[in-house]
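Fit chain L to the given chain D structure using the hints.
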Amino acid sequence: MKIEAIRDSLKASVLAREDLLGAEVEDIYASDLMSDVLAFGLPNSLLLTGLASQQSLISAHMAEFKAVVLLRGKRAKDGAERFATEHSMVLMSTRLDMYDACVRIHALRDGNGVQPKELGTTQAVDNILLQQKFQIEGNDFSKAGYVSTEVKSMLKKIGVDPVLIRSVAISCYEAEMNVFMHALRAKVDLTVTPRLIEVMLTDEGKGIPDVEQAMQEGFTTATDDQRALGFGSGLGLPNIKRNTDELQVTSEVGKGTTLVMRFFLQRPGS
Amino acid sequence: MKIQELIQNLGLKPLSRFEDRDISGVFISDMMSDAMANAKSGNLWITVQTHKSIIPAANLVDVAAVIITSGKTVPQDTVELADRHAIALLSTDQPTFDLIGKLYGLGIATS
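Going down the list, the sequences are from chains D and L. Note that the first sequence covers residues 7 to 276 in my numbering. Note that the second sequence covers residues 14 to 124 in my numbering.
Same shape as in the complex, but just chain D:
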């Protein structure tokens, strides 16, 4: 489906990147829960959401979406338009609610007979080496997602396969949001060798009393305020596990948590 056709059917106004309206999207994802978008959204999709903050745009960018539509006439908040502009996503706003918007796109899709396409194949990447350190300050919520965005851009620049970048980006963003919700600050070390990408995140914070419990889908200690942002629904760590080839979580109560996430460019032994 062309983004332009969706704009017309939703009578949406374009807030950013009108120049990309001619692009095609392959699927639609409707949710206000950003972990859900990161877990189940397919690349090249369009996001329908009532969450008008920059977090929607960052999540969509991590999941390789092409466009975001804000529902019920919501205005883009805190830098969402700028983020969409910088990261080449169409941002639109419609007065419709989520149900009406879904219905109209279904009608459009049925009319066109467009089917979602299969994902592309992965390609091996050779001879790359990169090392970078980042710092996350947990108290400044307006910066949530900046390190993940930076990591994503760096991996893209050195030509890592987009499918793998997406897994790294999603895992980084979930881990970064955990720092904002549960810790004071964190250090992030990104290392890329020809064999793997490793992201180590070491936070200073309250730690996790029972790591096994925290890995269960739906387990959460987030506050209602945090859930209102579309995070904190107990999907973060399970989502990271789903996206990594290797995950180590070590934690000490009262001190902090260390996450080592590994993504293989070449399978060990191959």
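Be aware that one or more of the hints could be misleading.
[Unchecked claim] Okay, derived cross-link-like pairs now, DSSO-like style, lysine-lysine, Cα gap no bigger than 27 Å in a straight line:
id : chain 1 : residue 1 : chain 2 : residue 2
1  : L       : Lys115    : D       : Lys72
2  : D       : Lys247    : D       : Lys139
3  : L       : Lys85     : L       : Lys26
4  : D       : Lys149    : D       : Lys72
5  : D       : Lys72     : L       : Lys85
6  : L       : Lys53     : L       : Lys85
7  : D       : Lys193    : D       : Lys162
8  : L       : Lys53     : L       : Lys26
9  : L       : Lys15     : D       : Lys212
10 : D       : Lys83     : D       : Lys72
11 : L       : Lys115    : L       : Lys53
12 : D       : Lys72     : D       : Lys193
13 : L       : Lys115    : D       : Lys8
14 : D       : Lys80     : L       : Lys53
15 : D       : Lys193    : D       : Lys212
16 : D       : Lys247    : L       : Lys53
17 : D       : Lys247    : L       : Lys65
18 : D       : Lys17     : L       : Lys15
19 : D       : Lys163    : D       : Lys193
20 : D       : Lys212    : D       : Lys163
21 : L       : Lys115    : D       : Lys17
22 : L       : Lys65     : L       : Lys15
[Said to hold, decoys possible] Partner residues are not named here, just some residues of chain D that face chain L (Cβ under 8 Å, in silico):
id : residue
23 : Ala36
24 : Ser37
25 : Met104
26 : Glu223
27 : Asp230
28 : Ser239
29 : Phe269
[Unchecked claim] A few chain D residues that don't get close to chain L, going by computed Cβ distances all over 10 Å:
id : residue
30 : Phe147
31 : Pro215
32 : Arg233
33 : Gly260
34 : Leu271
What the hints contain is simulated information worked out from the structure, not anything from laboratory work. Even for Gly, the Cβ is constructed at its ideal location relative to N, Cα and C.
Frame of chain D, contents of chain L only:
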């Protein structure tokens, strides 16, 4: 349309005990504050939120039923609370967008 008909037509899985009633309109949101502000009495509320706080919200705005999409595992304390307030809590493996295609096919109007 009544809740039981909807369950049969869409192959939904009922999780709680409830009294059958009429459905009028659909509201979709995963944000509690949004649902409390904008859902209407008798609506079908569709969400991926499974935290038990959805039940007081559903009770407060008097929605007819809550459908949890994307095959989310619903925690036991959420189901127990739904039982206690006789809120129809239903689930489906389909994502929200796909389910809406079916609802639209059944001719359920918007809120």
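Just pull the numbers of the violated hints for me, sorted ascending. 9, 12, 16, 18, 20, 29 and 32
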